[in-house]
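Protein chains in written order, with this note's numbering: chain A, 1 to 355; chain B, 356 to 709; chain C, 710 to 997.
Bear in mind the hints are in silico, worked out from the structure with no lab data behind them. Backbone N, C-alpha and C define an ideal beta-carbon position, used for all residues, glycine too. Worth double-checking, as some hints may not be accurate.
So these bits of chain B aren't anywhere near chain A, every CB distance computed over 12 Å [claimed, not checked]:
1) Thr-357
2) Gly-368
3) Lys-382
4) Ser-410
5) Asn-443
6) Pro-531
7) Gly-603
8) His-604
9) Leu-614
10) Glu-621
What follows is a list of derived Cβ distance ranges for each label pair [to be verified]:
11) Glu-413(B) with Leu-912(C): 49 to 57 Å
12) Pro-332(A) with Ala-457(B): 43 to 51 Å
13) Ser-254(A) with Ala-457(B): 51 to 59 Å
14) Lys-65(A) with Gly-784(C): 54 to 62 Å
15) Gly-139(A) with Glu-704(B): 29 to 37 Å
16) Asp-350(A) with Gly-486(B): 30 to 38 Å
17) Tyr-13(A) with Ala-462(B): 39 to 47 Å
18) His-469(B) with Ala-731(C): 35 to 43 Å
19) Lys-112(A) with Asp-847(C): 56 to 64 Å
20) Glu-131(A) with Gly-784(C): 51 to 59 Å
21) Pro-332(A) with Pro-617(B): 27 to 35 Å
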Amino acid sequence: MAKISLENVKHSYLKRPRTPEDWALKKLDLEWSDGGAYALLGPSGCGKTTLLNIISGLVRPTEGKVLFDDVDLTERPTDRRHIAQVFQFPVVYDTMTVRENLAFPLRNRGLKASEIEQKVEAIAHMLDLDEMLPRRASGLTADGKQKISLGRGLVRSDVNVIMFDEPLTVIDPHLKWQLRSKLKELHQRTRRTMIYVTHDQTEALTFAEKVVVMHEGRVVQVGSPVELFERPRHTFVGHFIGSPGMNILPCEVSGGGVHFAGRRVEVENPPRGSLAGRHTELGVRPEFVLLAEQGIPVNIVKVSDAGRYRIVEARCEESRIKLLLEEGVSLPASNAAVRFDPAHTRLYADGQLLE
Amino acid sequence: MTLELRNVVKSVGAQTHIHETNLRLAKGGFNILLGTTLAGKTTLMQLMAGLEQPSGGEVWFDGKNVTAVAVQKRNVSMVYQQFINYPNLSVFENIASPLRVAGMGRAEIKERVHRIAELVRIAPMLARRPGELSGGQQQRTALARALVKDADLVLLDEPLANLDFKLREELRDELPKLFVNRHSVVVFATTDPMDALLLGGHTATLREGRITQFGPTAQVYHRPADLVTAQVFSNPPINTASVSKRAGHVVLSDTVQWLATPELRELPDGTYLVGIRPHHISPVANGTGSTRLDGKVQITELSGSESTIHFQHGPLHWVSQSHGIHAVEVGTTIQLFIDVDRCMYFSAEGKLVA
Amino acid sequence: MDGKTQNQMGWLFVLPVVTLVAFNAVIPLMAVVNYSVQETFGNNMFFFEGVKWFEQVLHSDRFHASLGRQLFFSGIILAIEVPLGVAIALAMPRRGPWVSVCLVLMALPLLIPWNVVGAMWNIFALPDIGMLGRLLNDLGFNYNYTQQPISAWATLIAMDVWHWTSLVVLLAYAGLSAIPDAYYQAAKIDGASPWAVFRYIQLPKMRRVLTIAVLLRFMDSFNIHTEPFVLTGGGPGNATTLLSIDLVKIALGQFDLGPAAAMSIIYFLIILLLSWVFYAVMTRGEEQ
Numbered sequence: 001m002a003k004i005s006l007e008n009v010k011h012s013y014l015k016r017p018r019t020p021e022d023w024a025l026k027k028l029d030l031e032w033s034d035g036g037a038y039a040l041l042g043p044s045g046c047g048k049t050t051l052l053n054i055i056s057g058l059v060r061p062t063e064g065k066v067l068f069d070d071v072d073l074t075e076r077p078t079d080r081r082h083i084a085q086v087f088q089f090p091v092v093y094d095t096m097t098v099r100e101n102l103a104f105p106l107r108n109r110g111l112k113a114s115e116i117e118q119k120v121e122a123i124a125h126m127l128d129l130d131e132m133l134p135r136r137a138s139g140l141t142a143d144g145k146q147k148i149s150l151g152r153g154l155v156r157s158d159v160n161v162i163m164f165d166e167p168l169t170v171i172d173p174h175l176k177w178q179l180r181s182k183l184k185e186l187h188q189r190t191r192r193t194m195i196y197v198t199h200d201q202t203e204a205l206t207f208a209e210k211v212v213v214m215h216e217g218r219v220v221q222v223g224s225p226v227e228l229f230e231r232p233r234h235t236f237v238g239h240f241i242g243s244p245g246m247n248i249l250p251c252e253v254s255g256g257g258v259h260f261a262g263r264r265v266e267v268e269n270p271p272r273g274s275l276a277g278r279h280t281e282l283g284v285r286p287e288f289v290l291l292a293e294q295g296i297p298v299n300i301v302k303v304s305d306a307g308r309y310r311i312v313e314a315r316c317e318e319s320r321i322k323l324l325l326e327e328g329v330s331l332p333a334s335n336a337a338v339r340f341d342p343a344h345t346r347l348y349a350d351g352q353l354l355e
Numbered sequence: 356m357t358l359e360l361r362n363v364v365k366s367v368g369a370q371t372h373i374h375e376t377n378l379r380l381a382k383g384g385f386n387i388l389l390g391t392t393l394a395g396k397t398t399l400m401q402l403m404a405g406l407e408q409p410s411g412g413e414v415w416f417d418g419k420n421v422t423a424v425a426v427q428k429r430n431v432s433m434v435y436q437q438f439i440n441y442p443n444l445s446v447f448e449n450i451a452s453p454l455r456v457a458g459m460g461r462a463e464i465k466e467r468v469h470r471i472a473e474l475v476r477i478a479p480m481l482a483r484r485p486g487e488l489s490g491g492q493q494q495r496t497a498l499a500r501a502l503v504k505d506a507d508l509v510l511l512d513e514p515l516a517n518l519d520f521k522l523r524e525e526l527r528d529e530l531p532k533l534f535v536n537r538h539s540v541v542v543f544a545t546t547d548p549m550d551a552l553l554l555g556g557h558t559a560t561l562r563e564g565r566i567t568q569f570g571p572t573a574q575v576y577h578r579p580a581d582l583v584t585a586q587v588f589s590n591p592p593i594n595t596a597s598v599s600k601r602a603g604h605v606v607l608s609d610t611v612q613w614l615a616t617p618e619l620r621e622l623p624d625g626t627y628l629v630g631i632r633p634h635h636i637s638p639v640a641n642g643t644g645s646t647r648l649d650g651k652v653q654i655t656e657l658s659g660s661e662s663t664i665h666f667q668h669g670p671l672h673w674v675s676q677s678h679g680i681h682a683v684e685v686g687t688t689i690q691l692f693i694d695v696d697r698c699m700y701f702s703a704e705g706k707l708v709a
Numbered sequence: 710m711d712g713k714t715q716n717q718m719g720w721l722f723v724l725p726v727v728t729l730v731a732f733n734a735v736i737p738l739m740a741v742v743n744y745s746v747q748e749t750f751g752n753n754m755f756f757f758e759g760v761k762w763f764e765q766v767l768h769s770d771r772f773h774a775s776l777g778r779q780l781f782f783s784g785i786i787l788a789i790e791v792p793l794g795v796a797i798a799l800a801m802p803r804r805g806p807w808v809s810v811c812l813v814l815m816a817l818p819l820l821i822p823w824n825v826v827g828a829m830w831n832i833f834a835l836p837d838i839g840m841l842g843r844l845l846n847d848l849g850f851n852y853n854y855t856q857q858p859i860s861a862w863a864t865l866i867a868m869d870v871w872h873w874t875s876l877v878v879l880l881a882y883a884g885l886s887a888i889p890d891a892y893y894q895a896a897k898i899d900g901a902s903p904w905a906v907f908r909y910i911q912l913p914k915m916r917r918v919l920t921i922a923v924l925l926r927f928m929d930s931f932n933i934h935t936e937p938f939v940l941t942g943g944g945p946g947n948a949t950t951l952l953s954i955d956l957v958k959i960a961l962g963q964f965d966l967g968p969a970a971a972m973s974i975i976y977f978l979i980i981l982l983l984s985w986v987f988y989a990v991m992t993r994g995e996e997q
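Build the full structure now, drawing on both the sequences and the hints.
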């Protein structure tokens, strides 16, 4: 178990990077403490897999250092970093049984047969693989194979961190939540450091205690799921997290107040200094846009029934506003108006939260 | 423009992949095939397109029997999960390809391609090759190629499955706009109930080669004909249990019972199956007919806007989904509340009764 | 796929090939079968003899000897070429500028016409003026492939290994290239030794490809004619008279069409049987 730190890490896949776009990872400093459940969340191409591979040692960073417990491991190869990784598609040794698969990493490290037996049984039980132990690994379904991959990481007691690279990609959609829950349960039970890379916010926010949101090779925000949801520090995070994402609306700041569509709007973080020359926007989640008798007039464009709630798409001047309606709440036939909950409406300047 | 499947069956050897199916799909709005991975959605689509011949039954399109017509002669486009594009042609050429096969004139091809590219928001990429584009852009190219042909039948086989979460949301938002004002019958296959709900139209729920229900999406969701349909159309899975109805009360367990709804009271006493959607169980009482239930927390999943709690009540393993953040300790027993007005009741065979 | 929609065009495309195959293969094959059950005394007079030739061939010592030599030859070839080919494929780089160079080098021996190969080695191994022959004799070996059976066999095998190992290399290389990197990464993380990587990842994943390689090499080596014929002519004596060479001697040398035809058919059936055995054994694990 270890504390993992990344110092001044930058990476480019090109030999001679020139422009900022040539860098897959721009400068970042991160620290992961022992035993936590972390997620690296971001769209395709944001650099999260590169970052994962740098931590595991499969990629050597162009610049910067990787430290495990303050020991510089940047030059050390993968097999000496004591990590385990679960890949995007299941990697199992086809010719071996499930039992032999789980025992493999321990046999390579020369443990005694009785110890191996005990550990394998324990882990198989945790993963609900007890009945599968004598079966050939190649005969299992995708989620079973991913469990074996995970099991190979869990059996070892010398593992500093277990990393997941979009592990649910090939799993049947209706089995995904099962495996997701299982991963969370395993973390809560074993308290090993786990880092989970994904583009799916549900996976990230459900699994992790702390989420690192990445965009174009940069870390945009690090925080707990609640923090990221309630207080996104960047409009990208506001848009990316939450389904549907945050409403980002253009606004003007004048006379000490914030104005949208000609009306004054109360925000949680009123501006103090001057914001001249900066691009100001309002961020408010659809959950906190409320129907009101009097407020900002909108035209209802579309209502989608999402089961648990309804997503209403409204238009005000040029802007699209989305709001959520719970079951049973009705929409006015005409002259609809909305207001924004001040406690959850925030002002952003140049994409950053004003603090 | 209607597509009809009349008594269509598909068997390969001893296995029946599609059991006898009758379906009538109209144009205007999405016709969604919802089901798990091996339910038969792709096979059904292939039968509709003519890529596979049914072992029995007929396929009719616009009042004509097209069962024996080769797929090349039918006017069909298909979009796949895996962004299928011609790798060595530019995006422009990709989109133009069906028009060239049809022998259209150069000027007209150019005009059409540009128009569709604008619609699908891929106009800046026309000169590039699919390999240089991102996943979302490749899928838009495939969509454009399907749209430009203005086919009578457009089949989309889980087109959003390989896309990033956010991209999926965006494209799901845009898709209905792309298909508005078209004369095509559009069929969309998916495993995600959310896709079905947000795309609207009509939905057919499939399980193991059988269509369990077909109707307007909201109706299939809110009033499933049977338990199987309710289960297919639910993510996380719907909570089910055996309950007994006696003397105007519904009894779930020794500690939990509630008053039967007027609808249910009409029915004879006995054992029924109750289906409760996860979002109708919450750690917070919300007034309307909330019945208390004690559950031992097994797993908690918090995702900012939602809290999903997996709990155990006696022998039942159920799931509760609620809005907001409810941080509860694993292993503790908490109080949960069922919105009993929204429970669905099924007969012992699984048919919806109330 | 059952019940494909009508497409008669396909038949038109196939017709020329079907005609060609009919003329060049089916009709001559029928002629062979015809000869194998008849006796001729020349002058185009034929008498039906039934299975007499087959019995004669199957009981003949000469046939047994050639068959024995052939089996021995194919056995050694497989035992050397398959492991060697796999080993070379493992050693070849999977990425970078040298990949194309290696592939081209490996393909070169396969491009040479077979009788040229035979002729090359014939001269190369000559004990007095051939580079190889001279070298071996200078080193103290008593080497003369025209006179000693052991030298002849050694040269024959060396020639075939040189000529055909590349095929196994290319097939094995293709199989190896199909293994995703993640497997190697996982093995590294599991602390597997290079031998374990070979045994548990590379070999199982190459199974299909190796089946094809073994089948091809078996069939080709069992059928082999041109190279040994040009190299040794079957000599010294009949030390390297493999089945095909013997067959040609009987058919064209002695003009015994009946026995030759019967032998051809038996030859064909042996190959079919052994190939089937190989195939069954190597793919038995596949259906799970």
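Problem - Violating hint indices (sorted, rising) - result: 6, 18, 20
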